[in-house]
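Just so we're aligned, residue 560 is where the sequence shown starts under the working numbering, counting upward by one.
No wet-lab data here; the hints were simulated from the structure. Note that CB positions come from ideal geometry on N, CA and C, so glycine has one too. Check before you lean on any hint, since a few could be wrong.
Result set (SDA-like, lysine to any residue): computed pairs, CA atoms no more than 20 Å apart in a straight line [to be verified]:
| # | residue 1 | residue 2 |
| --- | --- | --- |
| 1 | Lys636 | Val651 |
| 2 | Lys636 | Leu647 |
| 3 | Lys636 | Leu612 |
Okay, the calculated beta carbon distance ranges per label pair [unchecked claim]:
| # | residue 1 | residue 2 | range |
| --- | --- | --- | --- |
| 4 | Leu612 | Gln658 | 32 to 40 Å |
| 5 | Leu584 | Glu637 | 30 to 38 Å |
| 6 | Ala590 | Val616 | 41 to 49 Å |
| 7 | Arg600 | Leu574 | 31 to 39 Å |
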Amino acid sequence: MRVVATVISVIFHPLLLTTYLVLLLGTLFPALLMIAPQYLRVMIAFIFCFTFLLPVVNLIMFRMFGTISSYTLADRKERIVPFMAIALIYLVTAFLFFQAPVFIQL
């Protein structure tokens, strides 16, 4: 039972939810994304890199430099810097999408 709970926790990790949402919207409602269909994979890869990989690498670096003591972020005071960094990454990602080149848009 614990293995199932761990698998579900990994699959539905909060950092992955943005990628899942874009994948779902791109598959079911592509007009909502306002992107040419041939660029959907590129967009999903971009979203995955900026909303999952970059924050994970950021957390690894925080751990290496001693800013956080564990990846669980159990201490409330340790959460502030990583959450602010991840929020900044998400803001930059949103800005990049609002400034998307014309050839990617419909």
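Could you tell me which of the numbered hints above are not met by this structure, giving the numbers in increasing order?
-> Hints 1, 3, 4, 6, 7 contradicted; others consistent.
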